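This is what each chain is made of:
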Amino acid sequence: MTAIAGSRTGLRRATTTRRRLPRQWWAGYLLILPFFVLFAAFGAYPLVFAVQLSFTDWHGSGTLHWIGLSNYTYLLTNSDFWGSLLNSGAMWLLIVPVQTVLAIAVAAALSRSGRWYAKVLRTVTILPYVTPVAAMAQAFILLFDTNFGVTNYILSAIGLPKIGWLTTTFWSKPTIALFILWKSSGFALIIMLAAVQQISREVYEAAAIDGAGPLRTFFSITVPLVRRATAFFVVVSTLGISQMFVEPYILTKGGPYTSSQTSGLYLYNHIGASDLGTGAANSFLLVILVLILSLVSVRLLRSEE
Amino acid sequence: MTGHTHTNQLRGRTLDRRSLLKAAAGLGGLAATSSALLACTPGSSTSQQPLKPQPSPTASGSITLWMRNDDLLKVFKTVIPAFNKVYPKITVDMVGLDIDTKLPPTLISGTAVPDGSFYEDVNIVGQADHLYDLSTLMKPHLADTVQFKLDVNTIDGKLVGIPWDTDPGLLYYREDILSQAGVDPDSLTSYDLLLDAADKIKSKNSKAKPIPLEQDSNLGLQWLMMLVNQQQGAGMVDGEGKLTIDTPATRNALTWIKQVADHGLGARTKFASTGQIAMLDNDTISLVPWAIWFDFLPQSGLKKSVGKWRVTQLPAWKEGGARSGVMGGSSFVIPLKAKNPELAWLFYEFAIYNKTGYSTVYGPNKTYPNGLNTSLPSVKAALNGPALFKPVSQLGNQDLWPVDTKAALAIPPGYRIPPWFNQAANYLGVNMQKMIDGSMSVDDVISKSTEQIQKNLVDRQR
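Chains as they are written, first to last, in the numbering used here: chain A, 89 to 393; chain B, 725 to 1186.
The hints are simulated quantities; they were obtained by calculation from the structure and are not laboratory data.
Everything numeric in this text was worked out from a predicted model, so none of it was measured.
Take the hints with a grain of salt, since some may be wrong.
[Claimed, not checked] Interface residues of chain A toward chain B, partial, derived using beta-carbon atoms under 7 angstroms:
| id | residue |
| --- | --- |
| 1 | 148 |
| 2 | 149 |
| 3 | 233 |
| 4 | 235 |
| 5 | 345 |
| 6 | 357 |
| 7 | 361 |
The C-beta atom is built at its ideal place from N, Cα and C for all residues, glycine as well.
Whenever a hint applies, use it, and build me the whole structure from the sequences.
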């Protein structure tokens, strides 16, 4: 009797579970539905719309006219587009290698020093990173003004000619690169400091016992062991430089002429002209380029492992 | 145990037919959602209903008007009480924000659209499809409005902006320096004579570079257009939208600019930069052919030279020619998707064409104790009437009103702003900079800019 009752209870429970199963199944979907709705509205829709836009000549009103690959061919045969990519490439060369090496070196020095000034130095380096870019740019413009800047005042005082830091085609890119180095090295330092602090002290002690000096220790131990952090930083920097807009916009507006017009600034010009189709096509060309560059960077660093 | 088995089942689940179907259904759902969203593509045009403003005092409702978030917002807010005396049932909410950044996406998306907005003339044409044609409503005021402002706001035969301010070109000069150099400012009636005056000033002070040559390619382009418009009415395009760069007027203006540069009479600076302020204060710059709004520098930015600046008409390009051109300006627009467009029109009509309205804006107020003198109304009755703003000590208590208004009324008609005006700075603006720096000739600038603008801007318009 008990056995029969027990089996009936079990049967009822199983039946109930089977009946409830579909409801629970859809309840789960219901719970995750808000995410998909938000993703569709703010992720998928803008993306799909931007792809569609890149094949049209839409200027912000009226219906969309399909023009095929015209926007892409226009950009790929336009010297301004390639010029902006070259400017961004030059910025990358001026910023990323210097910033990476400097960040690793400073991180290694700071992590091994227990002295009071190490903390002060850390704060000083990170301070520009947390300061608003517009405020820093204004200070930078004052420092590097051709006629009245402190930098040229010092050059004149030691008998050297004044330099048009932000007003000549030769100097505009290096000067903007210097500003970005000043502004964002704090971020690089945070990444590298975290990576360097992960390296076991025993490795350094073993190297010291083997007679390795500071330089040998740096290049044979610190640099190889922070490779993953370096890869991350290089990829993030590449993404940042491909989208660089604020710094040249505030400092030079892309000038003189178009010598500091980066790919981000060039893209903005299409949007500013309400040429949204070309702007969308430009965005996708940049996405493809950055994707390739990032994959190449990661592959190169991974292959060395 | 049961839980463990269940977990294993989940782990062991493979991509069977049912899962595939579900995934396909999910993707289909996503695509359907995207398609549904695409169906409400932003920017789809709204059919225009004719505006019928109701006469006072029956007009009622509330309106949201966008203004640039600066002193102008404070000034225009002072108009609201006077407006409410005539239209007591209209509530005005004036919001200050970055119009250039916020208005275009709002018009395109069609959400949270204001009932009316301030907008710079140079940007209006790009958004004309989203704006009301105000031709009928403006009819009673056409004869009382300076012609070039109507031309600027007329796009494809539709008047889409209510002209607000006029920014004429003027010649600002240092009275003390001209006096020392023996130059009578009243004698500066031609651009050749202006060049001679700059030479005389330089002969007294070898460090002087009397005329500023703008280094910002966009502002430089606006300056060039002022010099061009002064001669031919049109700027870069005519009423048909055809390029008017390869013209004698552009050649004259560029040739004169090149002479200023080649004779060492030009100061290479950016407007209102630290460098330019220092040059204005230390006697380097003393002759400034620029828009009316240059006068904010003596009133707020300069120190040593305050009180020594004066203003007169621009020189003419030929005898009897116009003594002013246009450099800047803004208007008010009413979006097609505004909830209460008629009420917005009533406010703007009051603020711009009613004597109490324009006197409140330009007359002395808390923000501008001597009145707003960095621009002028576009209403002829106001320009021909008594002075709205007072003389200021920073410009030697000179009576600015007669000089400024004479210039505003002298601006030739026919000025049109193409939708790609700002982008032309990358071509004509940049090429002009190269010419000033000595790497291009006048002819090169004209031919190359025409070709680049035609290919990259004109041909890429719908």
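#### Entry: Violations among the numbered hints, reported as their numbers in ascending order
none
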